[in-house]
Amino acid sequence: PPPPPPPATHGNAQTAINFAYDQLGEPYVWGAAGPDAWDCSGLTMGAWANAGVYLPHYSVAQYAATTPISASQLRPGDLVFWSSSSSDPGSIFHVGLYIGNGNMIHAPRTGVPVKVESIWYWETPDFFGRP
Numbered sequence: 004p005p006p007p008p009p010p011a012t013h014g015n016a017q018t019a020i021n022f023a024y025d026q027l028g029e030p031y032v033w034g035a036a037g038p039d040a041w042d043c044s045g046l047t048m049g050a051w052a053n054a055g056v057y058l059p060h061y062s063v064a065q066y067a068a069t070t071p072i073s074a075s076q077l078r079p080g081d082l083v084f085w086s087s088s089s090s091d092p093g094s095i096f097h098v099g100l101y102i103g104n105g106n107m108i109h110a111p112r113t114g115v116p117v118k119v120e121s122i123w124y125w126e127t128p129d130f131f132g133r134p
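Residue numbers (our numbering): 4 to 134.
By construction, these hints were calculated from the structure, which means they are not laboratory data.
Treat the hints with care, since some could be wrong.
The calculated DMTMM-like cross-link candidates involving lysine to aspartate or glutamate, where the alpha carbons are at most 25 angstroms apart (straight line), are [what the hints assert, rightly or not]: (1) K118 <-> E29; (2) K118 <-> D25; (3) K118 <-> D39.
Whenever a hint applies, use it, and build me the whole structure from the sequences.
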């Protein structure tokens, strides 16, 4: 028989998600890791740090620090990554925090504040990881 479906959240995922929600509307600043501005990996690092899980402040290193999963295995709290080559995790350049229903919270880019957006907002994500 197939395995049972995963729980809605895992570990301290809801704590990480709640932290990310609290940052909505804050500005994107490259290299920032809070408390009042974020870049993409700074936001995911801060969210998971608030939940007691250490992630490095670099999207490539964050993927390396997670358990790789497939899109079909995504649960709230997982990380979603984009890269310039779908066969090379070393080319990852963006990360968002999955919150369920095909959506994530992320710090998109200069001029666009932290927001909720579809994980399909731009290009198909290439990699997925579970902290």
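Checklist entry - Is K118 within 25 angstroms of D39, Cα to Cα? => result It holds: about 14 angstroms lies between the C-alpha atoms, which stays within 25 angstroms.
Checklist entry - Are the Cα positions of K118 and E29 separated by 25 angstroms at most? => result 8 angstroms, holds
Item to check | Holds or violated: K118 to D25, with C-alpha atoms at most 25 angstroms apart | outcome: 10 angstroms, holds
Every hint from the earlier list agrees with this structure, and none is contradicted.
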